[in-house]
Every structure is written in structure tokens, then in C-alpha cells.
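**Student:** In order, the protein sequence lines correspond to chains L and Z.
For what it's worth, our numbering labels the leading residue of the first sequence as 70, then goes sequentially.
For what it's worth, our numbering labels the leading residue of the second sequence as 2, then goes sequentially.
If you are wondering where the hints come from, they were derived from the structure by calculation, not from laboratory data.
Please note that the accuracy of each hint is not assured.
Some chain L residues judged to face chain Z by a derived CB distance under 7 Å, without partners named [said to hold, decoys possible]:
#, residue
1, Val124
2, Glu126
3, Ala128
4, Pro131
5, Leu192
6, Ile197
7, Val227
8, Val229
9, Gly231
For each residue, glycine too, the CB sits at the ideal point set by N, CA and C.
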Amino acid sequence: MGNTSSMLTQYDIEEVQVHCNHTFSQQEIVSLYQRFCQLDRSNGGFISADEFLSVPEFAVNPLSQRLLRMLYGLNFKEFVAFLSAFSPRASLHQKIEFIFKVYDSDSNGKVTFNDMLDVLRDLTGHFISEQEREQVLTDVLEEAGYTKDSLIVLADFVKVLGNSDLKLEVEVVLIGDSGVGKSNLLSRFTRNEFSLESKSTIGVEFATRSLNVDGKVIKAQIWDTAS
Amino acid sequence: MMTSPGKLKSSSSELDLDRPNIEDYLPSGSFHEPRGKLRLRDLLDISPTLTEAAGAIVDDSFTRCFKSNSPEPWNWNIYLFPLWCCGVVFRYFILFPVRVLVLTIGWIIFLSAFIPVHLLLKGHDKLRKKLERRLVELICSFFVASWTGVVKYHGPRPSMRPKQVFVANHTSMIDFIILEQMTAFAVIMQKHPGWVGLLQSTILESVGCIWFNRSEAKDREIVAKKLRDHVLGTDTNPLLIFPEGTCVNNHYTVMFKKGAFELGCTVCPVAIKYNKIFVDAFWNSRKQSFTTHLLQLMTSWAVVCDVWYLEPQTLKPGETAIEFAERVRDIISVRAGLKKVPWDGYLKYSRPSPKHRERKQQSFAEYVLQRLEEK
Numbered sequence: 070m071g072n073t074s075s076m077l078t079q080y081d082i083e084e085v086q087v088h089c090n091h092t093f094s095q096q097e098i099v100s101l102y103q104r105f106c107q108l109d110r111s112n113g114g115f116i117s118a119d120e121f122l123s124v125p126e127f128a129v130n131p132l133s134q135r136l137l138r139m140l141y142g143l144n145f146k147e148f149v150a151f152l153s154a155f156s157p158r159a160s161l162h163q164k165i166e167f168i169f170k171v172y173d174s175d176s177n178g179k180v181t182f183n184d185m186l187d188v189l190r191d192l193t194g195h196f197i198s199e200q201e202r203e204q205v206l207t208d209v210l211e212e213a214g215y216t217k218d219s220l221i222v223l224a225d226f227v228k229v230l231g232n233s234d235l236k237l238e239v240e241v242v243l244i245g246d247s248g249v250g251k252s253n254l255l256s257r258f259t260r261n262e263f264s265l266e267s268k269s270t271i272g273v274e275f276a277t278r279s280l281n282v283d284g285k286v287i288k289a290q291i292w293d294t295a296s
Numbered sequence: 002m003m004t005s006p007g008k009l010k011s012s013s014s015e016l017d018l019d020r021p022n023i024e025d026y027l028p029s030g031s032f033h034e035p036r037g038k039l040r041l042r043d044l045l046d047i048s049p050t051l052t053e054a055a056g057a058i059v060d061d062s063f064t065r066c067f068k069s070n071s072p073e074p075w076n077w078n079i080y081l082f083p084l085w086c087c088g089v090v091f092r093y094f095i096l097f098p099v100r101v102l103v104l105t106i107g108w109i110i111f112l113s114a115f116i117p118v119h120l121l122l123k124g125h126d127k128l129r130k131k132l133e134r135r136l137v138e139l140i141c142s143f144f145v146a147s148w149t150g151v152v153k154y155h156g157p158r159p160s161m162r163p164k165q166v167f168v169a170n171h172t173s174m175i176d177f178i179i180l181e182q183m184t185a186f187a188v189i190m191q192k193h194p195g196w197v198g199l200l201q202s203t204i205l206e207s208v209g210c211i212w213f214n215r216s217e218a219k220d221r222e223i224v225a226k227k228l229r230d231h232v233l234g235t236d237t238n239p240l241l242i243f244p245e246g247t248c249v250n251n252h253y254t255v256m257f258k259k260g261a262f263e264l265g266c267t268v269c270p271v272a273i274k275y276n277k278i279f280v281d282a283f284w285n286s287r288k289q290s291f292t293t294h295l296l297q298l299m300t301s302w303a304v305v306c307d308v309w310y311l312e313p314q315t316l317k318p319g320e321t322a323i324e325f326a327e328r329v330r331d332i333i334s335v336r337a338g339l340k341k342v343p344w345d346g347y348l349k350y351s352r353p354s355p356k357h358r359e360r361k362q363q364s365f366a367e368y369v370l371q372r373l374e375e376k
């Protein structure tokens with residue numbers, strides 16, 4: 070374990086941390102680096118579209134093509150910066166900015182009607198007709214005080230999304246003394262299993278479970294660390 | 002998880018055929034929420050989908066199945082280091098040549114007996130088959146010896162009888178060799194290039210093995226037909242199938258292909274668990290050729306593994322082939338201590354079907370339309 074992470078020096082980690090505004094802890098960056106190396110099968114220093122799509126859970130995501138364009142050719146530092154919006158330490162503004170960037174395909178700081186229509190098309194596929202889609206979008210835009218021709222900027226996004234609660238990635242790092250049952254807590258919570266004869270954890274293991282909290286589905290990602 | 006009610010009739014009816022529980026696993030969208038009129042915010046807020054995507058980038062259960070986990074170094078420290086160095090010298094310069102020698106002798110004995118038997122005993126089919134069977138078991142024993150296989154077999158040894166098929170979890174091609182040294186199974190496997198391919202088409206063909214190419218759709222039908230013919234034969238070797246269809250790292254099991262469970266035969270599960278104390282027996286075919294894999298095994302101290310022949314299972318009344326396959330997968334996973342994931346192992350070679358994405362799109366579309374109605 071940890072043979073790849075040993076290639077990251079303290080300086081590297083700190084540099085990455087600064088680059089992502091300290092939204093990730095050092096341990097998280099080490100884990101992300103391992104993951105990055107795992108996905109970068111060709112060792113090109115970046116993860117190609119094909120390598121991303123080899124993760125089935127990513128490939129089935131309706132927004133995967135759009136995200137791939139954003140992820141194209143990112144090195145590890147940029148990769149972490151990309152993910153930083155999903156950290157629990159990221160501010161609401163950062164998260165909204167990220168969403169804005171997803172919409173703003175030509176990154177000119179303005180989102181047009183067509184940009185929004187494109188995302189809606191990705192999300193609904195052929196289950197809504199093109200005409201209906203345009204109608205829906207026009208309606209809600211007018212309702213919110215915009216028109217079909219308005220150019221929407223980041224400030225508008227903040228206004229619209231600012232007081233809604235965005236559903237966030239939750240990461241819980243479990244820290245406790247050796248042998249107190251962190252791993253079993255993890256398996257009980259995510260798989261409802263308890264094992265009397267589990268071994269000590271080496272490295273990091275984690276599991277996810279979707280929870281329903283007050284009507285919102287939250288994906289809890291529970292990290293089980295060695296110590 | 003999410004049963005989508007309503008008018009947009011799902012395109013997913015055939016989706017469940019080959020993929021038992023993938024939908025339970027995929028995080029479902031969270032679009033069933035406080036009602037009310039659709040607002041701009043509801044359309045702009047794409048965070049659930051983005052979160053899912055980021056979650057998959059950070060970790061996913063599929064790639065975990067094919068990750069080589071190197072054995073944990075046993076207490077590396079300065080005192081053990083010289084000892085370890087001696088070990089390396091011993092393994093590479095004494096053990097390895099001896100093993101190569103053993104294997105060569107094995108091949109010489111095997112070939113000098115197999116070729117005459119194969120060519121001369123043309124008329125005596127029964128005797129020829131019997132001898133060939135013994136010889137293939139013999140060469141497999143030589144292979145196992147060449148990496149000092151410490152294999153413990155539990156449970157009754159398989160016997161030859163019609164209408165039964167053996168299924169096992171798959172970690173490496175050496176699974177086959179380990180099982181073969183006890184019983185001459187006829188196996189169904191991917192056609193390989195190089196010297197392995199040559200062996201497949203010559204020697205193993207005579208034991209009744211069936212080869213196919215994963216990517217050829219035509220091959221599927223041919224294999225299905227050969228399978229049916231094979232299990233009905235009385236003097237054929239017991240059939241061995243690795244229903245995962247690909248090598249998994251012995252920590253997880255991927256979905257079982259249903260083919261083996263549709264033959265109307267008794268299914269005998271075989272669980273194989275490797276002990277990683279000396280070497281990781283997982284053959285990561287993307288990273289290494291089978292030859293390198295074999296060399297890796299031959300330069301390690303030993304390959305330690307347990308094989309369990311488990312209780313034969315038959316299709317219960319009212320059970321579908323997929324449910325049956327899942328039940329057998331359960332039995333094997335429990336015995337070998339493997340975690341189950343709902344993925345089709347072939348996703349290593351192809352992309353998931355667009356139906357899964359469409360399902361997500363459908364549920365969002367439904368949500369938008371429902372909210373529209375509630376003016």
C-alpha cells in the first residue's frame with residue numbers, strides 16, 4: 070500500500086493544497102493521487118476521455134460528455150482543483166461557480182438560452198420533446214424575471230441558487246483508536262454486515278451510501294482510515 | 002430503488018434481463034421532492050447529477066474489482082533486509098531454474114506420450130480419451146509444481162456424469178490449471194493469442210475445451226450450441242465454466258453470465274481463494290501477458306490457495322436463470338469471502354449500455370413534467 074503515494078513529497082502536497090484553496094486535507098490529496106494514477110492507465114500525466122469512461126458509473130452519467138470537455142487534459146493539480154468544488158470545505162459560492170462553469174460551455178462568463186437548453190437536453194434526453202423543452206425553459210426564465218434573450222452571468226446564478234441548499238458530497242473521515250471497530254461501523258452502516266474476525270485496516274477503505282435526510286438524498290462517503 | 006410510476010413507460014423492460022441488480026446500486030436521482038411549481042432554480046440546480054459524476058471519479062466499485070493488490074510486505078526493516086536479499090537470490094537463481102527444469106521435463110514426458118497416444122490410438126476412442134485425460138492432468142500437476150502450488154482441496158472430488166456443469170470464480174488462468182490437475186475438465190475460455198492459443202487449439206481441444214472470442218457476437222451462438230451438445234454427451238469430460246467471463250482480483254465477484262445456468266443441468270459451485278502471502282495470483286491481463294504472469298508466479302516462494310467443491314445446486318421451481326446465477330454467486334462469494342458487485346465484467350472491454358443513462362434522463366424528465374402540471 071501507499072507505494073504510489075510515496076512519490077508525492079510534502080512540497081507537492083502543499084502545492085496542490087494551495088492550488089485548491091485547502092479544500093482537501095493532505096490525506097485526501099494522497100488518496101486522490103492514488104486514484105488519479107489508477108485511472109491514468111497510460112501514465113500520460115492526465116486522464117483521457119477513454120480512461121474516464123472506463124468507469125461505468127461515470128459513463129452512465131447524463132452529464133459525462135460535458136464534464137469530459139472540462140476534464141480534458143487536466144494534470145493532477147488541476148484535477149484536484151476541479152474536484153475541490155465537491156469538498157465539504159468549499160464555500161457555497163465556489164460550488165455555484167462550478168455549476169456556472171458547467172453551463173458556460175464557451176467560458177465567456179455568460180450563459181445563453183442555448184447553453185441552458187443544452188444542459189437540459191443532456192439531462193432529459195428524448196423523454197421530452199425539443200419543443201416542450203424550449204417551452205419549459207422559456208416559462209421558468211420569464212417567471213424568474215429573465216427573457217429568452219437575456220445573458221445570465223454568475224451573479225444571476227448566485228441569486229437564483231444562493232438560498233437553495235445544494236446537495237453536497239459528504240465525506241466523513243473516521244478517526245478513532247485502534248481496534249474500536251471503525252471498519253465494522255463502516256460495514257454495518259453501508260452493507261449492514263458485522264464481522265467478528267476482521268483484520269486491522271491498512272491504508273484507506275471507503276464506502277458510500279445514499280441517505281434520505283429531510284427529503285433530500287445525500288450520498289455519504291465514509292472514509293475508513295488505518296489510524 | 003426507484004420505481005418510476007406514470008406515463009413515460011420505461012424502456013427498461015429488457016434492461017433487467019442480463020443485469021440483475023445494477024439499479025439498486027447506482028445512486029438514484031433525488032428528484033422526488035417538495036412539490037410546487039417548477040422554478041428556474043429547479044432546472045439550474047444540477048448538483049445531484051454532478052455529485053454522482055464526481056463520486057464516480059473519486060471512487061467506484063468497478064475498477065476496484067480489477068486492481069492488483071500487491072501483497073503487504075511482511076515487516077520490512079533493516080534486520081530482515083539481508084534475509085530478504087538472500088531470498089531474492091535464492092528465488093531467482095536457484096528456485097526459478099529448478100522450476101523451469103521441472104516444467105521442461107514435464108513437457109517432454111507429456112509430449113512424448115501424448116503425441117503417440119493421439120495419433121496411434123485413433124481406433125480406440127475410449128482408451129485414447131482416458132489416456133489423454135490422465136496426461137492433461139499430469140502436465141497440469143507439473144505446472145502447479147513449477148510454482149510450488151500449495152493447494153488445499155475441500156469437499157468431494159468431482160465425478161464424471163452427464164447433465165452437470167461446474168462454475169467457479171475466476172482470478173487467473175491458473176485457476177484452470179489448479180482445477181485441471183485434479184479432474185480433466187472441459188473448459189470454456191476466451192481464445193488467447195500466442196503460445197497459449199496454440200495449446201488451446203491443439204491439446205486442450207482434445208479434452209473437449211471450447212474456445213471463443215468474447216468480442217464476436219457470432220461466437221456466442223456457436224458456443225451456446227456446443228455447450229448444449231457437450232452436457233448431453235455421456236462420455237464427455239465434466240464442463241467447467243467461469244461465468245464471470247473475466248479475471249477479477251479475488252476480492253470481489255462480478256456478475257455471473259447466465260449461460261451456464263440455462264442449460265438445465267445441475268450446477269456445482271467451486272470457490273477458489275488465493276492466499277496472497279507470497280504473490281498476488283490475479284492476472285491483470287491489461288498490464289501483463291500470461292507469460293509474465295507465469296514468470297512472476299515461478300519466481301515467488303509459493304502459490305497458496307484453497308479450493309472448495311460446494312454442494313450442487315439445481316434450479317428451484319419458479320426461479321429464473323438470473324436468480325439462479327445470483328444464488329450460486331452468493332454461495333461462492335460467501336465461501337471464498339468475496340464482495341459482490343453488480344457489474345458485468347465485460348464492461349472492461351466495452352461501455353455500459355446507454356439504457357442506464359436513459360433511465361436517469363427519464364426520471365428527470367418525469368420530474369420536470371410532473372412539476373409542470375402542478376401549477
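**Student:** Please go over all the hints and tell whether each is borne out by the structure.
**Tutor:** Against the structure, the hints:
Satisfaction of the interface hint for Val124 (chain L) is found here, the shortest Cβ-Cβ separation to chain Z being roughly 5 Å, below the 7 Å cut-off. Because the beta carbon of Glu126 (chain L) sits about 4 Å from the nearest beta carbon in chain Z, less than 7 Å, this interface hint is met. The restraint placing Ala128 (chain L) at the interface with chain Z holds, with a minimum CB-CB distance near 5 Å, inside the 7 Å limit. A distance limit of 7 Å between C-beta atoms decides the matter here; for Pro131 (chain L) the minimum to chain Z is near 5 Å, and the interface restraint holds.
Given the 7 Å rule on beta carbons, the hint for Leu192 (chain L) holds: about 5 Å separates it from the nearest Cβ of chain Z. Evaluation of the Ile197 (chain L) hint against chain Z yields a held restraint, the C-beta minimum of about 5 Å falling below 7 Å. With a least beta-carbon distance of about 11 Å to chain Z, the hint placing Val227 (chain L) at the interface is violated under the 7 Å criterion. Annotation: Val229 (chain L) was flagged as interfacial toward chain Z, and the flag holds, the nearest CB pair being 5 Å apart, inside 7 Å.
Here the hint on Gly231 (chain L) is broken, as its CB sits about 9 Å from the closest CB of chain Z, past 7 Å.
Hints 7, 9 from the earlier list are contradicted by this structure; the remaining hints agree with it.
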